[in-house]
Every structure is written in C-alpha cells, then in structure tokens.
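Peer 1: So you can see what is in the structure, the chains are spelled out below.
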Amino acid sequence: MKKEIFEPFNVSDNNFEQCVKCTICTVYCPVLEVNPDYPGPKQSGPDGERLRLKDASFYDEALKLCLNCKRCEVACPHGVKIGDIIQLARIKYSKKKPKVRDMILANTDIVGTMASTFAPIVNPIVALKPVRRIMDSVLKIDHHRIFPKYAGLRFESWYRRYAEKKQNDFKKHVSYFHGCYVNYNFPQLGKDLIKIMNACGYGVHLLEKEKCCGVALISNGLIKQATKQALHNVEAFKKSIVDKNMPVISTSSTCIFTIRDEYPHLLGIKNDEIRDESELATRFLYRLIDSGKLKLVFKKNYKKRIAYHTPCHMEKLGWSIYSTSLLRMIPGVDFMALESLCCGIAGTYGFKKENYETSQGVGKPLFEQIESSKADFVATDCETCKWQIEMSTSLKVQHPISILAEALDVEATMKLWNA
Amino acid sequence: MKFDNIIIGGGLSGLTCGIKLAELGKKCAIVSSGQSAIHFFSGSLDLLGKVNGEEVSNPLESIKTLADNHPYQRVGIDNMTRLADEVPQFLDRAGLKFSGNANQNHFVLTPMGVMKPTWLTIEDFTRFETKDSFPWKKALIINFSGFLDFHTLFIKDGLKKLDVTTQIKNVSMKQFEAIRKNPSEMRSTNIAKVFDNGDALDEFAQKANDLSEGFDVVILPAVFGLLNKQIVSEIKAKILKPLVLLPAVPPSVPGIRSQILLRKRFQALGGTYFLGDNVEEGFFENNRLVAIATNNHGDIKLKADQFILASGSFYSKGIVATRDKVYEPIFGLDVNGETNGSEWKDEKFFNDQPYMHFGVKTDSQFHAMINGEPVENLFVAGSVLGGANALKEGSGAGISLLTSLHVAEQILK
Amino acid sequence: MNKNNSKEYDVIIIGGGVTGAGTARDCAMRGLSVLLVERHDFATGATGRNHGLLHSGARYAVTDPESASECIKENMTLRRIANHCVEENNGLFVTLPEDDLAFQSQFVDACKTAGIGTEILDPDFARRLEPSVNPNLKGAVKVPDGSVDPFRLTMSNMLDAKIHGAELLTQHEVTDVICEQNRAIGVELFNHAKNEKVKYYAKIIVNAGGIWGHHIASLAGININMFPAKGSLLIFGHRVNKMVLNRCRKPANADILVPGDTICLIGTTSERVPYDQIDNMFVSQADVDVLIREGVKLSPSLATTRILRAYAGVRPLVAADNDPTGRNISRGIVLLDHQERDGLSGFITITGGKLMTYRLMAEEATNLVCKKLAVDKQCETAEKALPGSEKSDLSLDNATDKIYSGMSIAQKSAKDRHGTLAKNIAVGDSNDDSLVCECEGVSIGEVKYAIKELHVNNLIDLRRRTRVGMGTCQGELCACRAAGLLCESLEEPGEAKDDLANFLQERWKGMSPIAWGDTINEVQFTSWIYEGIYGLKPDNN
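Protein chains in written order, with my numbering: chain A, 1 to 419; chain B, 420 to 832; chain C, 833 to 1373.
Do not rely on the hints blindly, as some may be mistaken.
[What the hints assert, rightly or not] Derived pair list, reagent style DSS-like, types lysine-lysine, alpha-carbon separation capped at 27 Å: (1) C:Lys1369 x B:Lys580; (2) B:Lys600 x A:Lys140; (3) A:Lys21 x B:Lys600; (4) C:Lys1369 x B:Lys469.
[Claimed, not checked] Which stretches of chain B does chain C cover? Using the computed rule of at least three CB atoms under 8 Å from a CB of chain C, they are: (5) 523-531; (6) 573-580; (7) 661-669; (8) 727-735; (9) 738-747; (10) 761-769; (11) 817-828.
It should be emphasised that the hints constitute simulated quantities derived from the structure, not laboratory data.
Backbone N, C-alpha and C fix where the C-beta goes; we use that ideal spot for every residue, glycine too.
Full structure from sequences and hints, please.
Peer 2: Below you can see the structure in the form of structure tokens.
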C-alpha cells in the first residue's frame, strides 16, 4: 500500500525530479546570501542536473562554492537530496584538478601524522605570522586562519600506552572511531569519552586501524583516495559490528555523517551492514538512558551557562536532540539553544583564501548570537565549528562529551553500573 | 523518546496544534519533513470567502450552509465561533499581529490588482472594507529594477477599474547589484535580506519619498522584514505617504517570518521541532498508535499519548496519488478519493477540481480510521482532512487553524 | 470589411506548419512574392505534436523502402542546413526478449538497400553505449537517427522566408477560398487579433494545412479524402537516454524513445479519429497506459521517471483517390494539382509526408508553383543553411564562444535554441540576464528578443520560441514573469491576465492525463499561487 513499485530501476537519483520549484531551499542557503557568484541550491541542484543530463557542458565550476552543509536538504519539503546532487555533479563533471593546497588540507591524517610527530616544532611555526603570510600567498590558505594545534602524543599512542589494557575488564564493549581531530589535535576529547564510557560500564576499543573518514578528500575532489579509505573503514566497522557485535561510536558529527550517509550517496559504497550501529556517542548514551538501562550521576557543584550550536551535519542528521538532552540532564547547566545556523567553516572550505570572506560572512549571524548569549562557553559536536567559533568570537567551545565528563560524578555513576 | 503529544507536520496546522497544547503544559514534538507551505502565505488568513462561487460576507453565518462532511461542520458552529474568536490573540502571543472579524469579511488587494475577501490580515498589509472602492485616488507603484516577481501593470489595470490613476516607477539600488549579478536570485527573499541588514532602507525610503510627490499612496512589493520584523514598521514610518504592500511571487517574506515566529513560539514553550525528518512507520496496539519511527531517529522510536496527523494535502505529500489510487503514505489511513483516476480532475484548470476535496477520513471527533475503525489516539487536522476545496472556498487557513485548535481541545479534555 | 485589393502576391501559402514554412522559404528564395497565413501560431498542428525524431529512415526500411530512402537523404540534408535544430545523437534498434531476432538481419539488409548505414552491436556494448536501454536486450543495431526540434526548424524556415521577402500572418484563419471561373484567386481571412475579415489575392494558392487541409480544400469546393490518425505521446521530465531508442520490429505502438532538448518522449499510439474531432485532441487513460507499458520495455527507468505531459497530434494521412475506404493509405508525400485533378486552377495541395520530408515536400510544391508561373529557378533549400545554422569560417561553437566568455546557463541554453542568432540576444546587463524561466534557462533578454523578432502574440507562442514554461514546473513560477514582460511590450494588462489564464489552461491540458504523483502536487501548488494568492480567474476583464 505505502511503497511504490519499480524501485530497482530508478535512475532519478536523489529525487531531483520531485523538486516542485518552490524555491524554499534558496532561502536557507547560507552561501547564496553572502556570495552571489554561487548559483544557489535550486539552480545548482535539481535545475542544473536536468540541464547537465542534456549536456555535460552545463556544469558550472561555481558549484565548488557549495559548503555541503545540506541545509537545503533539511529545508526541502519534497525530500530532494539537493546537496548530494551538487556534490555528485562536482565529482562527475569537474575538470579542475585539486591544488597542492587542497591535497594538504584534505589529507588530514597524513599531514596530522607528520605534524604531530613534530608538534613542538610545527605548532609554533604555523602560528608565526610570517609563516601564515607565506601559507597565504603560496598555498592560498588564508592568513587569518589559525591552524589547530597538533598534539605531541597522538590519541592512538596514548590509548595503547595508558588505556588499552583495562578496557577488557568491562562486561560491555564498544568501538570508538576517534577521527583525525581527536588523534592529532585534541586527544583530550577521546580521553573524556573513555572516562564516561568506562563509568557507564563499557570498555572502549579502537578499530583495527581506522583511516580518516575522507570528508575533506571528498570535498576537495580526491575521490579515488576517499573511496579507498571508505572501503577500508567499512571493512573495519564490519569487523567490530558484525564479527564482534560491538557498535561503533564517535565524537565527531561530521565523521559519522560521512560514514553513514556520504559513503553510500556520494561514493556509492554500500554500508547497510554497519550503518545502524555506527553513531554518535551522545546518541548511544541517550538510547541507554531513554530505555532505562543507564543513569548518569552528576557533580553538585557544576554550574555553567552553555549555548549549544547545531552543526550543519547534526542538523541534517537530526541528532542534536541527543547531545542537548544529555546537557540538559546536568542539574547545574543553564542551557540555551542557539538558532541553528551555519558557522561558515565547512571543514577545509573556510581555510581556503578564496573562501575566507564568504566563510566569515556566512558565520556572522551565528557569531552575533553567540556574543549576545552571555554563555560561559559554547557547546558543539563538530571540531571545525569549534575552530571557527573560537577564531571568530570571544567564547571558547567545548564538546558535549567533554562537558559531561567534567560534570560527571564518575564514582557514583560507576557504582550504579559496574556492579 | 517520550512526549505527551507528537504532531506530524510542521505547517500552520501542526504548529497551531503544537503551540496550543504546549501553552497548556503538554510536552510536544513536531516532526516536519521540510519547510512548510506557510512559506507561500499570502498575508491573509481566510475563513470562508465563497460558497458555491458566491462571495460570502459573514463567514460564520455562511458556514451553516456547508455540507455535513465539511471539516467546519464537524468542528461545529459553536466551537467555530469560540475558536475563531481566540485566533488573533493566539497569533499575537507568537508575535504575529493580525486583524479582522469572523462575522464580517474584509478585503485585500491581490497582486493581480483585484479585491479578495478574507478574515484576518497580517499587519504588513492593508485591509479594505469594501471591494469596489480604494481609499486613494492617485497611486504610485514602485518596483525594483530587474525584479520580475511583482507585476506592476496588472496592479495598475486592477486599480483602473477602481477609478484610481496610477504611475509605475522603477528604482535601482546599488545595494542590490550583488544579487542582481546572479541571474536566478533577484527574488523577494533576497531583497528582504538586504533590507534586513538595515543600510538600504533609508536610501530607498528617500527615493520613494521623492518619487511620491503628488501621489496619495505608495504601493510596494512585500519584501520587508524576513528575519528582522522591525523593518516593516520602519519602512512604514520612513515612507511619508500611506504605504500599501502587496505579495510578490512566493516564497513570501511575511510567510517565512510567520513560519519562523510560530516555530520559535513553539520552541519557547518547550516544544521540540524535528525539521527535515520523515515518519517512516507507526506502531499500533489495540487501536492505539503507540510509537512512530522516523528516518533520522531509526530504532529510537518517538512515543506519545496522542498523535496528530497534520501532514497537509498533495503538495505536502499528506496524501499521495499514483496512477490508480490515492493513499495516505505514513499509516495507510482510510482516505476519501480512492476513485478512478480520470474522475480526479476536471479538464478546465479553473473549475472545481475533484482532487482538491480528497483527504483522510475521520470520525466526528477527528480520529483517523483504519479499515473503518477509528484509531483512539490519532487525530487528524488541517488540509490533510478532505471534504472541502479550500482553494475555491477560500477556507484553507481557517480549516488549518480551527480544526487544529479543536483537535487540541479534544486532547486536553 | 477591410478591402485589400492593392496587392496581389505570386503565392499565398495556407498553413504555418513546417511544410508551409518550408514552402514559403523555397518560394521566396526563388524570387516569388509570398504571403503565408496561419490561423493560430507557427507549428501548432502536427508539426509541433510528434516525436521530434530525426529519422534515419530505418524505421521504414522494411515496410516502406521509398520513405526510408527519402528520410536518410533529408536526414543528411538537415544536418547540414539546420544544424542548430538537430542533435546528432544516433539511434539504436534494439531486439527485446519478446522480439524475433531474425527480424534484425532483414532490417539490416533493408537499411542497406535504402542507403542507411547500420552497425550491429554486441548487447553488452550497447548497454555501455546507452545505459538506459533495457538490460535484457538480445540485439542492437546502431543507425544515424537523431533529434530535431520542430519549433526551431519551423521558425528558422519562417525567418529565412522573411529574409527573402515573404510576409507572414499568424492568427489569420482562412474562412473562404475566393474563386472566379474555375480559378482560385485569393483567400478570405478572419484576423483573430483584430476580430475583422480581410482578403488577400494571389496567382497561386498552396494548401499546406496538414489535416486541416481537408477543410481548406472544401472551402474551394474540393474533396480530399483524408483520414485523421491520432498519435499520443508522453513527455518525461528529463533525459533518460542519450541515443534514440527504437524497437527492432515492424512499427507498432510506443516503440520510439527520443531525447529532445531537456526531456525525452515516448510514442506513439495510432488511432483513427473522426474528422470533427481533430481540434479536440485529448489523451485517454488507455493511451497513457499503453505508452508507459511499452516505454518501460525499451527503457525500464521510465517507470519511475516523472511524466511531464501527454499530448496527441493528428497525422494527415491521405487515401488514394481510387480508394474511398482509406485502406490503401500512403505515408508518402501527396502533391495535388487541383487544375488537373478537379479543374480548379490556381490551387494546389501539399500534404501527407512527415516532418523529416518537409523540405522535399516544399521543393515539390514549389516546383509545381514555379512551373505554373513559368519561373525557371532551381531549388536551393538543400544547400543553403537556415538562419541560425550558417557556417562561417568559425564553427557554431567557436562563433558563439566568441560572443560569450564564460557562458551562463541562460546564454548556453539560448545558443542551443537559436544557434548563431543567439548573438542578437542582449546580454551583460542584469536587466537582460535575469532568468524568467529557471527550469529551461530563459533570460529576460531572450524573451525580449523573441517578442521583437519571432512573431510572438501571446504566452503560448512565446513558449514555442523559447521553452518558457516547458520545464518541470510547467509554468508555475515563470508564467507570470513572462506575462509581465509581454504586458510591458505587447499586450494590454487585461489581455495579459487572460493570456496567463489561457496559458495555465493549456499547460493543464497536457498535465491532466498524467495528473498523479509529483504532477498533481505541482498543479495544486500552481493553483494556490495563481488562484489563491493572485486571484487569477479564467476571465479577468
């Protein structure tokens, strides 16, 4: 009764024909508003797709201005996968080769490995103004950008050295996809996650060699390499989820979004076997609490006003409710949700010199909200949003997991769940 | 995830229902599959404009003449009268100022330059008490150069019939150069975003004031106050002559603002608004809907004591037509209109199209039905209800608002 | 009544279809003074209501070898002279599991005889070449099919006729053929725009009215035995196939899928209809069902592709004079010299044939006209390129690339529609570049050009010239923008409102047979906008 027949033959991918030209997507496109060179989601997406099917030369290189924030898809009343259409068109039709700069920005894990190895040298160097000027003029990486600091001891190394052994003491287990940011730039978030999960009675394990999810490779047009890494990751996830019956959780909304949705939609990689059990840590925790299998005990003295920013990919996933519900559970938290708007960084997009102005223009309304929020800090699930907000406002940004870890009464919680 | 009430559909009907329930302390969630049809809002809410093609002057009185299965008849005339009276304050609490009277339609000028009867009109627009006179004699219509979505000559033609002499002037503004560069984006919302930032407003008002020397009234497209509501009153204050705004081609600026304000009101009352999500499945037990699964939340089901289906008509996919059937796509509810495809439509575009009457069947308390059996805790409201051609009657907004308020009351009983 | 005796033309051509256009061009190029009259607009009859298939002739190779060789010759000619109206995308004749593969060799042989190049392809290779084809195909033959846009082709012929001095009148309906002692000397016309009668005179009158030619002949007291055959087609929302797809079997229902501009279309059905129904073509539910059922066999993805419209055209089939039952019907060209046939001089009829052979029909008709007028000039229509397709030292691409650097969607679309004539469209100012129709990339500049240069009287004409309103939304947002522009330069506002209402009615006519799924959603939205918000009525004055 409900589902239509003929599914297997559908070549009208991404529902582009369901577009009824209502033009609502263009109202919510953050780029269009600040950069008129971008043709907008309707024209770049369903309208353009129809023309490109007629003749590939209708492809417009200006599609690279799309942030891939997917806010058009969230707004679309008819389920048109506008963002996917645009990204797929870039993959299929773009003739522009990625630049050296793009490769450096895209290869977050290789660069991360090198940089974190030499962190004491790299950090001060990339922070130096003259060096930033050189990066600006030679690599076209905007000089306003402050590179995230590289950690001296990578998360993976820390884990092997200090955490791995005791994880087997727990009765229940999960795998953790930490992502490049936790590994190279901010191992503390990974440590916070382990603290919480352990308190809840779960051992945390790493995947059998995780690779970067590839989001930056996709957005920079390095599709072959992205596909290779994606296939590797899907296999690694399968080993955990299918073979060992261990779900995979992550603290990065973009990594998990990429693995769940961009792999099948943009790279054509099947992930049916792992999709449902690959999720954000906050969702995993929420499910346990919602079904009565877990209760968190918080410290009495934690008192903060927190403004939550919904990253674009969280908006698309619809999952900010999990992170915000957990934050609201902390008794001392004065919680406010910021109006959901794009911050403008979109991963590596904002790092590119040519996008700097657009990027900051997109983020402006959000920054103004933040400045007037009177919050102690901003909470968000996305690492690149964190860089952008910290660079563009006076507030610091924390991940919900780190906030929970700080507010959690570990011993009391452990008592409840590690009997 | 447990709520008191879950509403499927985030348009006028769903938000009305959600706000009403939340105002009375219910913990509500709205699941909306994307932005709603409020984006095309004309600026006026109709209660009943026509019956059998004849214009109605007293909507509440004329409701009595409607067919028994009309949603208004199912709400009942007493309830209708009481609820219609509540609506302006209800909207006011969300920051939306409307004026009008359910016992007496007033008129608004359409972008075709004709007068249309209506019930409530948002403060941006001008109310007219009669359809055959215009309070001013000399009108200046101003448009923005390159803006194709406002049809000045049509308005001029309409006003001529009301004995108004008009002149049309185009205004160029350097602030619009950026959006004009983009061939598809000289649209009302983008113009509104420029005005929202504030800097173009004074310059434009100055130009309009210079041009309107010797005229009684200035007519402009409604491109003011998308996110910044103040802009509407500012432009009205800055333009010295009386100002009449008219809708442009959708999406509508006052419409989007209304959507945002209603959504914010709902959220401020503690409601949860899930945008861009689709309900995939319902779980029933003993004639009750106990939970729904959505695309985004998967195995984490959304549970509630009562559910309201406010998913809209064909446009919003509240009901779906295929070559040989009409169905309700979420739960497979009983629908009116499961007839032969060739009988869905009239060959004349402007005739009363049978498909416009199609919708979900309910019992007299607006319970949805499956195979003739009412579902105890699943209510239906808004344009997904069949039984009326809201377009021909001019009853779309009324049906959305009043059936939703009525259903909310049923739940609160 | 307006007396218009001052001027006598050499020839009056009745009918603004492609045959009339081609004849007007040919006559004008041979130095005759020409008047062409059309009751509605150019290309409103069968010309604009077919597949838009640039036949290689392969379809007729087995059953009608004469038509087949005519087709391939004209096919090659059109590639030369009407380059901007043609897409050289080639075609496949596919053998499906239920078809007899033995037909393939018979087919290939017949093509060879007719001079049509063929190439038998391995099914695997065919699938790679054309991914939309039914993957279960047993065989495939590649032929030089293509697409041709009949609106552009007609318009281009009209423009060339005009360049050579012809006069063109649309909205002029023939109400009488004026005869004097067994000689046709003129026509009486009703000017629908001005609601008045006018008369024009000529030495020869050419009846190129297609199926309506039956009626026109009867005005001169002549009977032509015509058998209207309705053919229905479906237009899909986007291009599913790159190459023309045909079934490799004897011609039958719904066995050709043609990509054309932004869309593709499947057709046709074939059904005799009574003559009094030819102005009342509608597509029945049964027609739609056949077209979908058969179409899906050619290209399975059609089952889930959005259908934009359904429409039907009437083929002007003519029965041989000695066969009143119409059993022995020819699809070939029929040229009737009514002096010989009926004893009425000054009147000839050109009919039958098909879109592909319009030029040949025009040539034959013009030859006869010239013979009668004792004009001795050779036909040049096969050699000289049509306006928009002129070859300079630059190729089409180079020529237009010189005009535009970094072409926008609108500019590229305009180039596809108007060929080198696109250089006449104003660009560069945002008042010209803004899009009126976002689906098809029609700019203000193009609309203005069409209004000024291409005989546009109303929105529906404008659609035929520019594709305004032919995209997915079928005029939902662009119709009122275009109406606004027409209003500025052509129509009284009151008229423009009615024009807009007519346009929506005309769009609905094609949508209503397939009004389900996304189409019904879209139509509901369109109704809300125009009736709900705008307050548009069928009659606004």
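Peer 1: Of the hints stated earlier, which fail here?
Peer 2: Structure breaks hint 11 only.
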